[in-house]
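Trainee: Counting in our numbering, the sequence shown runs from 4 upward without gaps.
One or more of the hints may lead you astray.
Here are the computed distance ranges between Cβ atoms for each label pair [stated by the list, open to error]: (1) A8 to L90: 34 to 44 Å; (2) L63 to K156: 56 to 66 Å; (3) G129 to E88: 54 to 64 Å; (4) Y162 to E128: 18 to 28 Å; (5) E163 to I9: 20 to 30 Å; (6) D61 to E143: 44 to 54 Å; (7) M30 to I160: 36 to 46 Å.
Under the rule of at most 20 Å between Cα atoms (straight-line distance), these lysine to aspartate or glutamate pairs were calculated in the DMTMM-like manner [to be verified]: (8) K89 to E163; (9) K141 to E88; (10) K165 to E143; (11) K151 to D105; (12) K35 to E143; (13) K89 to E148; (14) K165 to D105; (15) K35 to E87; (16) K141 to E87; (17) K115 to E87; (18) K156 to D130; (19) K110 to E87; (20) K35 to E88; (21) K141 to D105; (22) K156 to E88; (23) K115 to D61; (24) K156 to E143; (25) K110 to E148; (26) K165 to D130; (27) K110 to D130; (28) K89 to E128; (29) K35 to E163; (30) K165 to E87.
Please keep in mind that the hints were generated in silico from the structure rather than gathered at the bench.
What you are looking at is a predicted structure, and each value in this text was computed from that prediction instead of being measured.
The beta-carbon is built from N, C-alpha and C at its ideal position, and this holds for glycine as well.
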Amino acid sequence: MLSNAIVMVTIILVINIVYVSLSTVRMILTLKGRRYIASFVSMFEIVIYVLGLGLVLDNLNEIQNLIAYAIGFGIGVICGSMIEEKLALGYITVNVISSNPDISFTKQLRDKGYGVTSWYAYGMEGDRLSMQILTPRKYELRLYETIKQIDPKAFIIAYEPKQIHGGFWVKQVRKGRLMNPKKKAEAELKQQQVKTSEQKGQK
4 MLSNAIVMVT IILVINIVYV SLSTVRMILT LKGRRYIASF VSMFEIVIYV
54 LGLGLVLDNL NEIQNLIAYA IGFGIGVICG SMIEEKLALG YITVNVISSN
104 PDISFTKQLR DKGYGVTSWY AYGMEGDRLS MQILTPRKYE LRLYETIKQI
154 DPKAFIIAYE PKQIHGGFWV KQVRKGRLMN PKKKAEAELK QQQVKTSEQK
204 GQK
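All chains, full assembly: derive it from the sequences and hints.
Mentor: Structure, rendered in C-alpha coordinates:
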(Lines of atoms letter the chains of each structure in order from A and count residues from 1; the text may use other names and numbers.)
(Lines give C-alpha, C1' and ligand atoms only; values in the text may rest on other atoms or scores of the structure.)
Protein backbone atom coordinates (compact mmCIF):
# COMPACT_ATOMS: atom_id res chain seq x y z
CA MET A 1 0.00 0.00 0.00
CA LEU A 2 2.81 2.38 0.98
CA SER A 3 4.82 1.53 -2.13
CA ASN A 4 1.80 2.27 -4.34
CA ALA A 5 1.33 5.66 -2.65
CA ILE A 6 5.01 6.54 -3.17
CA VAL A 7 4.84 5.53 -6.83
CA MET A 8 1.71 7.64 -7.35
CA VAL A 9 3.29 10.69 -5.67
CA THR A 10 6.46 10.27 -7.77
CA ILE A 11 4.49 9.98 -11.02
CA ILE A 12 2.41 13.09 -10.24
CA LEU A 13 5.53 15.04 -9.24
CA VAL A 14 7.43 14.12 -12.41
CA ILE A 15 4.43 14.71 -14.69
CA ASN A 16 3.84 18.19 -13.29
CA ILE A 17 7.53 19.13 -13.48
CA VAL A 18 7.55 18.16 -17.16
CA TYR A 19 4.23 19.90 -17.83
CA VAL A 20 5.17 23.23 -16.24
CA SER A 21 8.65 23.13 -17.81
CA LEU A 22 7.06 22.72 -21.24
CA SER A 23 4.50 25.42 -20.43
CA THR A 24 7.24 27.88 -19.47
CA VAL A 25 9.31 27.11 -22.57
CA ARG A 26 6.21 27.35 -24.79
CA MET A 27 5.32 30.76 -23.35
CA ILE A 28 8.87 32.05 -23.91
CA LEU A 29 8.91 30.68 -27.46
CA THR A 30 5.64 32.50 -28.15
CA LEU A 31 7.04 35.78 -26.83
CA LYS A 32 10.15 35.29 -28.97
CA GLY A 33 8.02 34.87 -32.10
CA ARG A 34 8.70 31.13 -32.51
CA ARG A 35 4.99 30.34 -32.78
CA TYR A 36 5.30 27.15 -34.86
CA ILE A 37 7.71 25.54 -32.41
CA ALA A 38 5.52 26.81 -29.55
CA SER A 39 2.42 25.18 -31.05
CA PHE A 40 4.31 21.88 -31.43
CA VAL A 41 5.42 21.99 -27.78
CA SER A 42 1.86 22.82 -26.67
CA MET A 43 0.57 19.49 -28.06
CA PHE A 44 2.80 17.53 -25.69
CA GLU A 45 2.10 20.02 -22.91
CA ILE A 46 -1.68 19.52 -22.95
CA VAL A 47 -1.41 15.70 -23.02
CA ILE A 48 0.87 15.70 -19.97
CA TYR A 49 -1.38 18.24 -18.22
CA VAL A 50 -4.49 16.08 -18.66
CA LEU A 51 -2.66 12.98 -17.39
CA GLY A 52 -1.37 14.73 -14.27
CA LEU A 53 -4.64 16.49 -13.45
CA GLY A 54 -6.58 13.27 -14.00
CA LEU A 55 -4.43 11.40 -11.48
CA VAL A 56 -5.00 14.09 -8.85
CA LEU A 57 -8.76 14.40 -9.45
CA ASP A 58 -9.21 10.63 -9.28
CA ASN A 59 -7.50 10.60 -5.87
CA LEU A 60 -8.59 13.83 -4.19
CA ASN A 61 -8.85 12.06 -0.83
CA GLU A 62 -5.07 11.51 -0.92
CA ILE A 63 -3.57 14.80 0.31
CA GLN A 64 -0.03 13.73 -0.60
CA ASN A 65 -1.00 13.69 -4.29
CA LEU A 66 -2.16 17.30 -4.11
CA ILE A 67 1.06 18.30 -2.32
CA ALA A 68 3.13 16.51 -4.98
CA TYR A 69 1.19 18.33 -7.69
CA ALA A 70 1.90 21.71 -6.07
CA ILE A 71 5.60 20.95 -5.51
CA GLY A 72 5.94 19.71 -9.09
CA PHE A 73 4.42 22.96 -10.33
CA GLY A 74 6.99 25.04 -8.44
CA ILE A 75 9.95 22.91 -9.54
CA GLY A 76 8.66 22.99 -13.12
CA VAL A 77 8.84 26.80 -13.22
CA ILE A 78 12.48 26.66 -12.13
CA CYS A 79 13.33 23.91 -14.64
CA GLY A 80 11.58 25.77 -17.46
CA SER A 81 13.52 28.98 -16.80
CA MET A 82 16.79 27.01 -16.64
CA ILE A 83 16.02 25.37 -19.99
CA GLU A 84 15.29 28.78 -21.50
CA GLU A 85 18.61 30.11 -20.20
CA LYS A 86 20.42 27.19 -21.82
CA LEU A 87 18.61 27.77 -25.12
CA ALA A 88 19.49 31.50 -24.89
CA LEU A 89 17.01 32.58 -27.56
CA GLY A 90 17.02 36.04 -29.08
CA TYR A 91 19.26 39.05 -28.66
CA ILE A 92 20.12 41.53 -25.94
CA THR A 93 21.05 45.19 -26.14
CA VAL A 94 23.74 46.31 -23.72
CA ASN A 95 24.32 49.98 -22.93
CA VAL A 96 27.81 50.69 -21.58
CA ILE A 97 29.16 53.95 -20.16
CA SER A 98 32.91 54.20 -19.66
CA SER A 99 34.52 56.93 -17.59
CA ASN A 100 37.63 56.72 -19.80
CA PRO A 101 36.73 57.92 -23.32
CA ASP A 102 40.35 57.65 -24.48
CA ILE A 103 40.64 53.85 -24.42
CA SER A 104 40.05 51.93 -27.66
CA PHE A 105 36.88 50.37 -26.27
CA THR A 106 34.80 50.18 -29.44
CA LYS A 107 37.67 48.86 -31.58
CA GLN A 108 38.35 45.97 -29.20
CA LEU A 109 34.67 45.01 -29.14
CA ARG A 110 34.29 45.26 -32.93
CA ASP A 111 37.39 43.13 -33.43
CA LYS A 112 35.61 40.41 -31.46
CA GLY A 113 32.58 40.65 -33.76
CA TYR A 114 30.13 42.70 -31.69
CA GLY A 115 27.95 45.38 -33.24
CA VAL A 116 28.78 48.65 -31.48
CA THR A 117 27.36 52.16 -31.86
CA SER A 118 29.29 54.72 -29.80
CA TRP A 119 29.11 58.42 -28.99
CA TYR A 120 30.67 60.82 -26.53
CA ALA A 121 28.61 61.95 -23.56
CA TYR A 122 29.09 64.21 -20.58
CA GLY A 123 28.51 63.04 -17.01
CA MET A 124 28.61 64.77 -13.65
CA GLU A 125 32.34 64.11 -13.33
CA GLY A 126 33.42 64.74 -16.91
CA ASP A 127 33.52 63.16 -20.36
CA ARG A 128 32.15 59.68 -20.92
CA LEU A 129 32.15 57.14 -23.74
CA SER A 130 28.65 55.75 -24.27
CA MET A 131 28.07 52.59 -26.32
CA GLN A 132 25.14 50.49 -27.46
CA ILE A 133 26.00 46.86 -28.17
CA LEU A 134 23.77 44.23 -29.78
CA THR A 135 24.59 40.56 -29.27
CA PRO A 136 22.89 37.14 -29.23
CA ARG A 137 21.99 36.08 -25.70
CA LYS A 138 24.30 33.07 -25.88
CA TYR A 139 27.25 35.50 -25.92
CA GLU A 140 25.88 37.69 -23.12
CA LEU A 141 28.15 36.52 -20.29
CA ARG A 142 31.18 36.53 -22.57
CA LEU A 143 30.42 40.13 -23.51
CA TYR A 144 30.25 41.16 -19.84
CA GLU A 145 33.62 39.54 -19.20
CA THR A 146 35.16 41.36 -22.17
CA ILE A 147 33.76 44.71 -21.02
CA LYS A 148 35.09 44.21 -17.49
CA GLN A 149 38.52 43.27 -18.84
CA ILE A 150 38.69 46.50 -20.86
CA ASP A 151 37.20 48.75 -18.17
CA PRO A 152 36.39 47.19 -14.76
CA LYS A 153 34.55 50.38 -13.72
CA ALA A 154 32.24 50.49 -16.76
CA PHE A 155 28.52 51.04 -16.07
CA ILE A 156 26.42 48.33 -17.77
CA ILE A 157 22.66 48.15 -18.47
CA ALA A 158 21.13 45.27 -20.48
CA TYR A 159 17.64 44.71 -21.90
CA GLU A 160 15.95 42.61 -24.58
CA PRO A 161 14.81 44.38 -27.78
CA LYS A 162 11.33 43.41 -28.99
CA GLN A 163 12.12 43.78 -32.68
CA ILE A 164 15.26 44.07 -34.82
CA HIS A 165 15.19 45.26 -38.41
CA GLY A 166 18.01 46.03 -40.82
CA GLY A 167 21.65 46.65 -40.06
CA PHE A 168 24.74 44.93 -41.43
CA TRP A 169 25.55 43.35 -38.07
CA VAL A 170 22.39 41.21 -37.91
CA LYS A 171 23.26 39.76 -41.33
CA GLN A 172 26.74 38.91 -40.06
CA VAL A 173 25.26 37.07 -37.08
CA ARG A 174 22.83 35.06 -39.19
CA LYS A 175 25.74 33.94 -41.33
CA GLY A 176 27.50 32.72 -38.19
CA ARG A 177 30.45 35.09 -38.36
CA LEU A 178 30.17 36.59 -34.89
CA MET A 179 32.74 35.20 -32.44
CA ASN A 180 34.17 33.00 -35.20
CA PRO A 181 37.52 34.47 -36.30
CA LYS A 182 37.98 31.94 -39.09
CA LYS A 183 34.65 32.75 -40.77
CA LYS A 184 35.21 36.43 -40.19
CA ALA A 185 38.62 36.26 -41.89
CA GLU A 186 37.14 34.29 -44.80
CA ALA A 187 34.40 36.91 -45.25
CA GLU A 188 36.94 39.76 -45.20
CA LEU A 189 39.12 37.94 -47.75
CA LYS A 190 36.11 37.39 -50.00
CA GLN A 191 35.18 41.08 -49.79
CA GLN A 192 38.74 42.05 -50.63
CA GLN A 193 38.72 39.75 -53.67
CA VAL A 194 35.45 41.29 -54.86
CA LYS A 195 36.88 44.80 -54.53
CA THR A 196 40.03 43.78 -56.40
CA SER A 197 38.05 42.24 -59.26
CA GLU A 198 35.86 45.36 -59.48
CA GLN A 199 38.93 47.59 -59.66
CA LYS A 200 40.41 45.43 -62.42
CA GLY A 201 37.12 45.58 -64.32
CA GLN A 202 37.11 49.38 -64.16
CA LYS A 203 40.62 49.49 -65.60
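Trainee: Now, for every hint given, state plainly whether the structure supports it.
Mentor: Here is how each hint holds up against the structure:
1. Distance hint check: the CB atoms of A8 and L90 are about 36 Å apart, consistent with the given range 34 to 44 Å.
2. Take L63 and K156: their Cβ atoms lie about 59 Å apart, and the range 56 to 66 Å holds.
3. Look at G129 against E88: about 38 Å separates their beta carbons, and that is not inside 54 to 64 Å.
4. Distance hint check: the CB atoms of Y162 and E128 are about 25 Å apart, consistent with the given range 18 to 28 Å.
5. Distance hint for E163 and I9: a CB-CB separation of about 43 Å, inconsistent with the stated range 20 to 30 Å.
6. Take D61 and E143: their Cβ atoms lie about 45 Å apart, and the range 44 to 54 Å holds.
7. Checked against the hint of 36 to 46 Å, the C-beta distance between M30 and I160 comes to roughly 25 Å, which is inconsistent with it.
8. Using a Cα cut-off of 20 Å, the hinted pair K89 and E163 holds, with the two alpha carbons roughly 16 Å apart.
9. Of the supplied pair hints, the one linking K141 and E88 holds, its CA atoms being roughly 9 Å apart against a limit of 20 Å.
10. Proximity of K165 to E143 is assessed by CA-CA distance (about 17 Å); at most 20 Å being required, the pair is judged to hold.
11. At roughly 16 Å between alpha-carbon atoms, K151 and D105 fall within 20 Å of each other, so this suggested pair holds.
12. Taking the CA atoms of K35 and E143, the gap is about 17 Å. The hint holds against a cut of 20 Å.
13. At most 20 Å may separate the alpha-carbon atoms for a hinted pair to count; K89 and E148 meet this at roughly 18 Å.
14. For the hint linking K165 to D105, the alpha-carbon distance of about 33 Å lies beyond 20 Å, and the restraint is violated.
15. Of the pairs offered as hints, the one joining K35 and E87 holds, with about 11 Å between alpha carbons and a cut-off of 20 Å not exceeded.
16. A distance of roughly 11 Å separates the Cα atoms of K141 and E87; the hinted pair therefore holds under the 20 Å criterion.
17. Annotation: proposed proximity of K115 to E87 is violated, straight-line Cα distance about 25 Å (limit 20 Å).
18. Taken as a hint, the K156 and D130 pair is honoured in the structure, with Cα atoms around 14 Å apart against an allowance of 20 Å.
19. Restraint check: the Cα-Cα separation between K110 and E87 comes to about 32 Å, which exceeds 20 Å; the hinted pair is violated.
20. Taken as a hint, the K35 and E88 pair is honoured in the structure, with Cα atoms around 13 Å apart against an allowance of 20 Å.
21. Proposed proximity of K141 and D105 is contradicted: the alpha carbons are some 29 Å apart, above 20 Å.
22. Proposed proximity of K156 and E88 is contradicted: the alpha carbons are some 27 Å apart, above 20 Å.
23. Proximity of K115 to D61 is assessed by CA-CA distance (about 58 Å); at most 20 Å being required, the pair is judged violated.
24. Restraint check for K156 and E143: satisfied, since their Cα atoms lie roughly 18 Å apart, inside the 20 Å limit.
25. Our distance criterion of 20 Å between C-alpha atoms is met by K110 and E148, whose separation comes to about 16 Å.
26. Restraint check: the Cα-Cα separation between K165 and D130 comes to about 31 Å, which exceeds 20 Å; the hinted pair is violated.
27. Annotation: proposed proximity of K110 to D130 holds, straight-line Cα distance about 19 Å (limit 20 Å).
28. At roughly 40 Å between alpha-carbon atoms, K89 and E128 are farther apart than 20 Å, so this suggested pair is violated.
29. Taking the CA atoms of K35 and E163, the gap is about 10 Å. The hint holds against a cut of 20 Å.
30. Between K165 and E87 the alpha-carbon distance is near 17 Å, which keeps this suggested pair within the 20 Å criterion.
In this structure, the hints that do not hold are numbers 3, 5, 7, 14, 17, 19, 21, 22, 23, 26, 28, in rising order.
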